[in-house]
Amino acid sequence: MQDRPTIPEALQAARDFLAQDLLPTVTDPRLRYHLQIAVNVLRIVEREAPGEEERLRAEHAALRDLLGQPPASPPEDAAALRRAVLEANHALSERIRQGDADGGPWRLRVLAHVAAAVDDKLAVNNPAQLAAFRAEAGAESPGD
Amino acid sequence: MSLEAAPATAEESLRPALEAFIADEARHPAALRALWRLPGGTMREAWALDVEIAGGAWAGLHRLVLLADCGAQILYSRVPRDDELRVIAAMHAAGVPAPRAYWCIPEGAPHGLKPGILMERVEGETVARRLLADPAYAAVRPRLLDQMAGALARMHAVRADTLDGLPGPAPAQTPIAFQVGEVEASLRALGEPHPALELGLRWLSRQMPPCERLVVVHGDYRLGNLVVDPHDGLRAVLDWELAHLGDPGEDVGWACMRFWRSVDRPGAPALGTRQRFLDAYAAQGGRRFDREAAHYWDVFANVRWAVITLSQAHRHLSGRERSLELASIGRHCAEVEWELMRLLRDR
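These protein sequence lines are chains A and B, in that order. According to this note's numbering, the stretch in the first sequence is residues 5 to 148, in order. According to this note's numbering, the stretch in the second sequence is residues 1357 to 1703, in order.
The reader is advised that the hints may include incorrect statements.
What the hints assert, rightly or not - Some chain A residues close to chain B (C-beta under 8 Å, calculated; not the full set):
| hint | residue |
| --- | --- |
| 1 | 31 |
| 2 | 33 |
| 3 | 34 |
| 4 | 118 |
As the list claims (entries may be wrong) - Covered stretches of chain A (in silico footprint by chain B; criterion: 3 or more residues with CB under 8 Å from a CB of chain B, positions within the stretch not fixed):
| hint | region |
| --- | --- |
| 5 | 94 to 100 |
| 6 | 129 to 138 |
Calculated directly from the structure, the hints in this document are not laboratory data. Ideal placement from N, C-alpha and C gives every residue a C-beta, glycine not left out.
Sequences and hints are given; from them, build the entire structure.
Structure follows, in structure tokens:
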């Protein structure tokens, strides 16, 4: 086990320095813009790091189930786990391209799985946008 | 785009090279009165310049923009810059609000200039956020959506066969098949699995509506590529480098796509409703897009934008262009996929 700060703690310290100490001193608009992007990228990784392996294991299990593969314990090694999820997503993509998800009950399962996977990605990348989407989905849509 | 601001030396070496190039083109001495770097743009670097030409047909002061290539390639075979200049000139001549085209700087220009194009600098605001919120644009805001639709209808009325050389469908291919195929090819080039985008592409290829007419598609028609004057409203359409031939629905769907914030969303009022845009487009000579057709091109726009976000990240990841901004765009894919999955629900 590594000594503290943990990954999110170290990232937050770096982010706070950039946002609170450095940003107010920068006047060049281009540099300010890129500094704000850097701060946001660190914020994303802070949200992503905790629980990343659990999320990958859950995605691995869900993909195997969707692809009709028997349950199997996911790879222990983090890199092998990532590879396994990537391969399963390749297999799902190929099935979609072949038309297996064009209709019927499997289409509904695929739509539900992919929507949930996209939810998980967006919760890490931009939780405010996810909240806005959900609020909008609950409202009427006069714009459409 | 790199983190560093353009060094002063870039400007110092650009100045004499530009003067020499313009003097050659105008066949009269040219003197730069001003030269400065413009912000923004991940595709090309932009410079503003004022140049005084001493005689001949071009005599006088010209306010120009230089768009210099930085080797970017995002989606589609980007049109060669001389073709881009021809499109801009044709649109300008047809009464579409486009800048006046000046000169194309070819590969290996004798003055050490990067390849690029020179065109009229149209003054005004291009930042969508300000156009939507700044009180200075309150007077033109109510008619901006109609102007956007009208300019697009005029653009789509330009005869496509007068502009050969643009990317477009093969002889036996429908325009929409070409357009969907371009997006699909860009995704395939990345070699990554994206089930949401596969669902989108599969749906697009199975639901293709009939295409009535091949037109010149702008390829990036959105609020952020318009120049708006506080009194006159829409003055110019910029960024023609993704122009191609195809079904006009691509520009219509792109213009109304949620992430460009031009049309109203629940809780996010903007310039007006999508229906108003579609009505204004049809009233000013464009095709009538019904709800189903508009939905098709909304799906298309989101799949295309999602693929572009991934492609932008790959420009960084490939090592060709190290850029935090490009890298970070890759993480925008999730929000586009979310919108796509919403559009595909119950379909």
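Given a cut of 8 Å on the nearest C-beta pair, is the interface hint for residue 33(A) held or broken against chain B? 6 Å, holds
Holds or violated: residue 34(A) as interface residue toward chain B, Cβ cutoff 8 Å? Given a least distance of 6 Å, the restraint on residue 34(A) holds.
Quick one, is the residue 118(A) hint okay against chain B at 8 Å, beta carbons? For residue 118(A), the interface hint holds, since the closest Cβ of chain B sits about 5 Å away, which is under 8 Å.
Check, residue by residue, whether the region 94 to 100 of chain A contains three or more positions whose beta-carbon lies closer than 8 Å to a beta-carbon of chain B, and give the verdict. holds (count 4)
When the least beta-carbon distance from residue 31(A) to chain B is tested against 8 Å, hint result: 11 Å, violated
Coverage assertion for the region 129 to 138 of chain A with respect to chain B, Cβ distance below 8 Å, three residues required: holds (count 6)
In summary, the structure is inconsistent with hint 1 from the numbered list given earlier, while agreeing with all the others.
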